[in-house]
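Here is how the chains run, residue by residue.
Protein chains: 2
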Amino acid sequence: MMVLLLALKITFLGTSASIPTKKRGQVSIAIQRERDLLLFDAGEGVQRAIIESKIGFKRSMKIFISHLHGDHCLGLLGLLQTMAMMDRTDSLQIYGPNGIKKFISVNMEALNFKLTFNLDINEIGEGIIYEGLDYKIISCYASHSRKSLSYVLKENERPGIFYPEKALELGIPKGELWSRIQNGETIVIKNKTIEPEKILGPARKGIKIGISGDTRPTNKLVKFFKDCNVLIFDSTFSDELQDKAIETLHSTAREAAKLAKEASVEQLILNHISTRYAKPDILLKEALEAHSNVKVAEDYMIVNISNID
Amino acid sequence: MMVLLLALKITFLGTSASIPTKKRGQVSIAIQRERDLLLFDAGEGVQRAIIESKIGFKRSMKIFISHLHGDHCLGLLGLLQTMAMMDRTDSLQIYGPNGIKKFISVNMEALNFKLTFNLDINEIGEGIIYEGLDYKIISCYASHSRKSLSYVLKENERPGIFYPEKALELGIPKGELWSRIQNGETIVIKNKTIEPEKILGPARKGIKIGISGDTRPTNKLVKFFKDCNVLIFDSTFSDELQDKAIETLHSTAREAAKLAKEASVEQLILNHISTRYAKPDILLKEALEAHSNVKVAEDYMIVNISNID
Numbered sequence: 001m002m003v004l005l006l007a008l009k010i011t012f013l014g015t016s017a018s019i020p021t022k023k024r025g026q027v028s029i030a031i032q033r034e035r036d037l038l039l040f041d042a043g044e045g046v047q048r049a050i051i052e053s054k055i056g057f058k059r060s061m062k063i064f065i066s067h068l069h070g071d072h073c074l075g076l077l078g079l080l081q082t083m084a085m086m087d088r089t090d091s092l093q094i095y096g097p098n099g100i101k102k103f104i105s106v107n108m109e110a111l112n113f114k115l116t117f118n119l120d121i122n123e124i125g126e127g128i129i130y131e132g133l134d135y136k137i138i139s140c141y142a143s144h145s146r147k148s149l150s151y152v153l154k155e156n157e158r159p160g161i162f163y164p165e166k167a168l169e170l171g172i173p174k175g176e177l178w179s180r181i182q183n184g185e186t187i188v189i190k191n192k193t194i195e196p197e198k199i200l201g202p203a204r205k206g207i208k209i210g211i212s213g214d215t216r217p218t219n220k221l222v223k224f225f226k227d228c229n230v231l232i233f234d235s236t237f238s239d240e241l242q243d244k245a246i247e248t249l250h251s252t253a254r255e256a257a258k259l260a261k262e263a264s265v266e267q268l269i270l271n272h273i274s275t276r277y278a279k280p281d282i283l284l285k286e287a288l289e290a291h292s293n294v295k296v297a298e299d300y301m302i303v304n305i306s307n308i309d
Numbered sequence: 001m002m003v004l005l006l007a008l009k010i011t012f013l014g015t016s017a018s019i020p021t022k023k024r025g026q027v028s029i030a031i032q033r034e035r036d037l038l039l040f041d042a043g044e045g046v047q048r049a050i051i052e053s054k055i056g057f058k059r060s061m062k063i064f065i066s067h068l069h070g071d072h073c074l075g076l077l078g079l080l081q082t083m084a085m086m087d088r089t090d091s092l093q094i095y096g097p098n099g100i101k102k103f104i105s106v107n108m109e110a111l112n113f114k115l116t117f118n119l120d121i122n123e124i125g126e127g128i129i130y131e132g133l134d135y136k137i138i139s140c141y142a143s144h145s146r147k148s149l150s151y152v153l154k155e156n157e158r159p160g161i162f163y164p165e166k167a168l169e170l171g172i173p174k175g176e177l178w179s180r181i182q183n184g185e186t187i188v189i190k191n192k193t194i195e196p197e198k199i200l201g202p203a204r205k206g207i208k209i210g211i212s213g214d215t216r217p218t219n220k221l222v223k224f225f226k227d228c229n230v231l232i233f234d235s236t237f238s239d240e241l242q243d244k245a246i247e248t249l250h251s252t253a254r255e256a257a258k259l260a261k262e263a264s265v266e267q268l269i270l271n272h273i274s275t276r277y278a279k280p281d282i283l284l285k286e287a288l289e290a291h292s293n294v295k296v297a298e299d300y301m302i303v304n305i306s307n308i309d
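Listed in order, the protein sequences are those of chains A and B.
Numbering of the first sequence is given in the working numbering, commencing with residue 1 and proceeding in unit increments.
Numbering of the second sequence is given in the working numbering, commencing with residue 1 and proceeding in unit increments.
In short, the hints are calculated from the structure, not lab data.
Keep in mind that this is a model prediction, so the values were computed, not measured.
Cβ coordinates follow ideal geometry from the N, Cα and C atoms, glycine included.
Hints are supplied without guarantee of correctness; some may be wrong.
[As the list claims (entries may be wrong)] Straight-line C-alpha distance at most 27 Å; calculated BS3-like pairs for lysine-lysine:
{"id": "1", "chain 1": "B", "residue 1": "K279", "chain 2": "A", "residue 2": "K279"}
{"id": "2", "chain 1": "A", "residue 1": "K23", "chain 2": "B", "residue 2": "K9"}
{"id": "3", "chain 1": "B", "residue 1": "K102", "chain 2": "A", "residue 2": "K147"}
{"id": "4", "chain 1": "B", "residue 1": "K23", "chain 2": "A", "residue 2": "K23"}
{"id": "5", "chain 1": "A", "residue 1": "K22", "chain 2": "B", "residue 2": "K102"}
{"id": "6", "chain 1": "A", "residue 1": "K102", "chain 2": "B", "residue 2": "K226"}
{"id": "7", "chain 1": "A", "residue 1": "K101", "chain 2": "B", "residue 2": "K58"}
{"id": "8", "chain 1": "A", "residue 1": "K23", "chain 2": "B", "residue 2": "K58"}
{"id": "9", "chain 1": "B", "residue 1": "K279", "chain 2": "A", "residue 2": "K102"}
{"id": "10", "chain 1": "B", "residue 1": "K226", "chain 2": "A", "residue 2": "K279"}
{"id": "11", "chain 1": "B", "residue 1": "K279", "chain 2": "A", "residue 2": "K54"}
{"id": "12", "chain 1": "A", "residue 1": "K114", "chain 2": "B", "residue 2": "K147"}
{"id": "13", "chain 1": "A", "residue 1": "K114", "chain 2": "B", "residue 2": "K101"}
{"id": "14", "chain 1": "B", "residue 1": "K114", "chain 2": "A", "residue 2": "K101"}
{"id": "15", "chain 1": "B", "residue 1": "K279", "chain 2": "B", "residue 2": "K223"}
{"id": "16", "chain 1": "A", "residue 1": "K22", "chain 2": "B", "residue 2": "K226"}
{"id": "17", "chain 1": "A", "residue 1": "K9", "chain 2": "B", "residue 2": "K23"}
{"id": "18", "chain 1": "A", "residue 1": "K279", "chain 2": "A", "residue 2": "K22"}
{"id": "19", "chain 1": "B", "residue 1": "K58", "chain 2": "A", "residue 2": "K58"}
{"id": "20", "chain 1": "B", "residue 1": "K22", "chain 2": "B", "residue 2": "K136"}
{"id": "21", "chain 1": "A", "residue 1": "K22", "chain 2": "B", "residue 2": "K223"}
{"id": "22", "chain 1": "B", "residue 1": "K54", "chain 2": "A", "residue 2": "K23"}
{"id": "23", "chain 1": "B", "residue 1": "K147", "chain 2": "A", "residue 2": "K58"}
{"id": "24", "chain 1": "A", "residue 1": "K244", "chain 2": "B", "residue 2": "K226"}
[What the hints assert, rightly or not] One side of the interface only, derived from the structure: several residues of chain A facing chain B at Cβ under 8 Å:
{"id": "25", "residue": "K22"}
{"id": "26", "residue": "D36"}
{"id": "27", "residue": "I187"}
{"id": "28", "residue": "K190"}
{"id": "29", "residue": "I194"}
{"id": "30", "residue": "G206"}
[Said to hold, decoys possible] Derived CB-CB ranges, DEER-like:
{"id": "31", "chain 1": "B", "residue 1": "K58", "chain 2": "A", "residue 2": "I246", "range": "51 to 57 Å"}
{"id": "32", "chain 1": "B", "residue 1": "F113", "chain 2": "A", "residue 2": "E197", "range": "38 to 44 Å"}
{"id": "33", "chain 1": "A", "residue 1": "T89", "chain 2": "B", "residue 2": "K223", "range": "51 to 57 Å"}
{"id": "34", "chain 1": "B", "residue 1": "G56", "chain 2": "A", "residue 2": "K9", "range": "52 to 58 Å"}
{"id": "35", "chain 1": "B", "residue 1": "K54", "chain 2": "A", "residue 2": "I128", "range": "58 to 64 Å"}
{"id": "36", "chain 1": "A", "residue 1": "E240", "chain 2": "B", "residue 2": "S306", "range": "43 to 49 Å"}
{"id": "37", "chain 1": "B", "residue 1": "E109", "chain 2": "A", "residue 2": "E197", "range": "54 to 60 Å"}
{"id": "38", "chain 1": "B", "residue 1": "K58", "chain 2": "A", "residue 2": "K226", "range": "43 to 49 Å"}
{"id": "39", "chain 1": "A", "residue 1": "S60", "chain 2": "B", "residue 2": "K114", "range": "25 to 31 Å"}
{"id": "40", "chain 1": "A", "residue 1": "K279", "chain 2": "B", "residue 2": "K147", "range": "44 to 50 Å"}
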């Protein structure tokens, strides 16, 4: 039996908080899922990071902006311009909070650039904002100084593993019927109805990935990120700067880890790292005291997630 | 006698044409002259290049934008924002073509950021746009698809070398009078008037640096860049793409070199290199056929110029 490898690849294109450093560019996260590229935030320099990581400018792409602070969206303009210069023809969807249409249109006017493709800008609130064939993107309000959004990529549940020996036992010949059962369909053979559950293992949960954007931890986000396989969360500060985290509406690494623990998140990735942590060991240490599976994001770090058993 | 070292340091912060590459960021050139930093263009990523080259965000700084194409000015926004986040207090001057005020103000509104310093934006045409104590910045219209400016930094002529033995011969005691003569003043001693020329060598020309921005070569620019010590010129294409240079209103490396030769420029630096020239050998070769002293700009290349004999 051929197993279709359904892997998700997360590439960190920029991981700094507000100001870039030698090692960290401004925030952007790319998720590649089959042919789709989903870009979460687009800080200054994102087009160069896309070149560096060989992701390409012409593919099927959607961009999700968390909020309209420069370090999260200024790279959008150069990215659009470069796509146009490269004669992209596929339409591009952008999702973000109110104001994003104006941000793009005033700049296209001021910089006098035209696009070679259809740009579809969606000003969104909370809810399912995109529904594909087998995954959704959902948004939820975060708690930050500007109207900010957190995002979740949630794959649909998929039928369980197919057991050929069970199919043969039930007298179902190899061929088209097998595919239909693999897709979770009920079939009828020799006037007998066969439910797919008789041949398939238990249904498999889709992967869930959460991306916080800039935010304080909130109970709302605990629910929103419930059971994420991977959660990428604002971890701007260490414990020592807890006050500053509250004042600037960011989170500490420990707060991110506590939220991840409470939400039963499998793996937490600390992101949006303040320039003061040239070596982020203290962030990792403090987060590991609240959650056992934590990584610190680095530019060009790749995380592959697969739900093949 | 103490000689004050008056050196100019040019740092190439970005050297690509339109689209960045792994090795080349979008256009920006920093000239450091004593305590002043003069930035010519500010493509996306300039703030990171400033960090990389350790130039610093708080110093006395003026920014000159050639034209409002994204690859020449989009880095301005993140730069301003970072300066504000670093609590810059010194005022900052920006010079550029009509529309630059609006470009900055619509973005400050859309991205909701405030500055911690006074920003003085000057929409300029041709002429002397800044006159300091001992140098000027002069602008001249270039020939490109948007209203574009070329710039020249021209130091004032300085008095010649001071010869102490001549001063003593003429009975001028060491002290304050020597300083006044070194500054080119005529002095009176024992009712005798002494012209500085009697004690100083011939006046020394100030350094002249030219920066073309995006442009076709024109006769006007030959005059404008006359006798530059260093000319940084649009060299987007090689001979083979001469038609494309004309169509897109850029220059070939050979055209840049011909113009530099005609303007009696000492050293030509090819800049704004198309992404197609991963190795720019062909550009250098073609330029060297028209001018003997040519370099190709690379990111973080430094050129020091001194007019001390």
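For each hint, the structure was consulted:
For the proposed pair K279/B and K279/A, the alpha carbon gap of about 35 Å is over 27 Å, so the pair is violated. For a cut-off of 27 Å, the pair hint linking K23/A to K9/B stands: about 25 Å separates their Cα positions. Among the hinted pairs, K102/B with K147/A is consistent with the structure: their alpha-carbon atoms are about 24 Å apart, no more than 27 Å. Our distance criterion of 27 Å between C-alpha atoms is met by K23/B and K23/A, whose separation comes to about 15 Å.
The suggested pairing of K22/A with K102/B is violated, with an alpha-carbon distance near 31 Å, which exceeds 27 Å. Of the pairs offered as hints, the one joining K102/A and K226/B is violated, with about 44 Å between alpha carbons and a cut-off of 27 Å exceeded. Only pairs whose Cα atoms come within 27 Å are accepted, and K101/A paired with K58/B is rejected, the gap being roughly 33 Å. Straight-line distance between C-alpha atoms of K23/A and K58/B comes to about 21 Å, which keeps the hinted pair within the 27 Å bound.
The hinted pair formed by K279/B and K102/A fails the criterion: a straight-line CA distance of about 40 Å is larger than 27 Å. The hinted pair formed by K226/B and K279/A fails the criterion: a straight-line CA distance of about 51 Å is larger than 27 Å. Among the hinted pairs, K279/B with K54/A is consistent with the structure: their alpha-carbon atoms are about 19 Å apart, no more than 27 Å. Distance restraint check for K114/A and K147/B: the Cα-Cα separation of roughly 17 Å lies within the 27 Å cut-off, and the hinted pair is therefore satisfied.
A hinted pair counts as satisfied when its Cα atoms are at most 27 Å apart, and K114/A with K101/B qualifies at roughly 21 Å. Taking the CA atoms of K114/B and K101/A, the gap is about 21 Å. The hint holds against a cut of 27 Å. With a C-alpha separation of about 31 Å, the suggested pair K279/B and K223/B falls outside the 27 Å cut-off, and the hint is violated. For a cut-off of 27 Å, the pair hint linking K22/A to K226/B is broken: about 39 Å separates their Cα positions.
Restraint check for K9/A and K23/B: satisfied, since their Cα atoms lie roughly 25 Å apart, inside the 27 Å limit. For the given pair, K279/A sits about 12 Å from K22/A by alpha-carbon distance, which is consistent with the 27 Å threshold. Distance restraint check for K58/B and K58/A: the Cα-Cα separation of roughly 39 Å exceeds the 27 Å cut-off, and the hinted pair is therefore not satisfied. Taking the CA atoms of K22/B and K136/B, the gap is about 35 Å. The hint is violated against a cut of 27 Å.
Under the criterion of a C-alpha separation no larger than 27 Å, the hint pairing K22/A with K223/B is inconsistent with the structure, at around 41 Å. Using a Cα cut-off of 27 Å, the hinted pair K54/B and K23/A holds, with the two alpha carbons roughly 14 Å apart. With a C-alpha separation of about 30 Å, the suggested pair K147/B and K58/A falls outside the 27 Å cut-off, and the hint is violated. A distance of roughly 55 Å separates the Cα atoms of K244/A and K226/B; the hinted pair therefore is violated under the 27 Å criterion.
Evaluation of the K22/A hint against chain B yields a held restraint, the C-beta minimum of about 6 Å falling below 8 Å. Residue-level restraint check for D36/A is violated (minimum Cβ-Cβ distance to chain B is 23 Å; threshold 8 Å). Because the beta carbon of I187/A sits about 53 Å from the nearest beta carbon in chain B, more than 8 Å, this interface hint is broken. Taking 8 Å as the C-beta contact cut-off toward chain B, the hint placing K190/A at the interface is violated, the least distance being around 63 Å.
Hint status for I194/A: violated, given a least beta-carbon distance of 56 Å to chain B, over 8 Å. About 35 Å separates the beta-carbon of G206/A from the nearest beta-carbon of chain B, more than 8 Å, and the hint is not met. Taking 51 to 57 Å as the suggested C-beta distance range, the pair K58/B and I246/A does not conform, at roughly 28 Å. For the pair F113/B and E197/A, the supplied restraint of 38 to 44 Å is violated, since their beta-carbon distance comes to about 56 Å.
Look at T89/A against K223/B: about 44 Å separates their beta carbons, and that is not inside 51 to 57 Å. Judged by the Cβ atoms, the range 52 to 58 Å given for G56/B and K9/A is violated: they are separated by roughly 38 Å. Taken as a hint, the range 58 to 64 Å is violated for the pair K54/B and I128/A, whose Cβ atoms sit roughly 47 Å apart. Roughly 47 Å separates the CB atoms of E240/A and S306/B, a value that falls within the hinted 43 to 49 Å.
Between E109/B and E197/A the beta carbon distance is about 58 Å. The supplied range of 54 to 60 Å therefore holds. K58/B and K226/A have their C-beta atoms about 45 Å apart, which keeps the hinted 43 to 49 Å range intact. Checked against the given bound of 25 to 31 Å, the beta carbons of S60/A and K114/B, roughly 38 Å apart, lie outside it. Roughly 47 Å separates the CB atoms of K279/A and K147/B, a value that falls within the hinted 44 to 50 Å.
This entry does not satisfy hints 1, 5, 6, 7, 9, 10, 15, 16, 19, 20, 21, 23, 24, 26, 27, 28, 29, 30, 31, 32, 33, 34, 35 and 39, going by the numbered hints stated previously.
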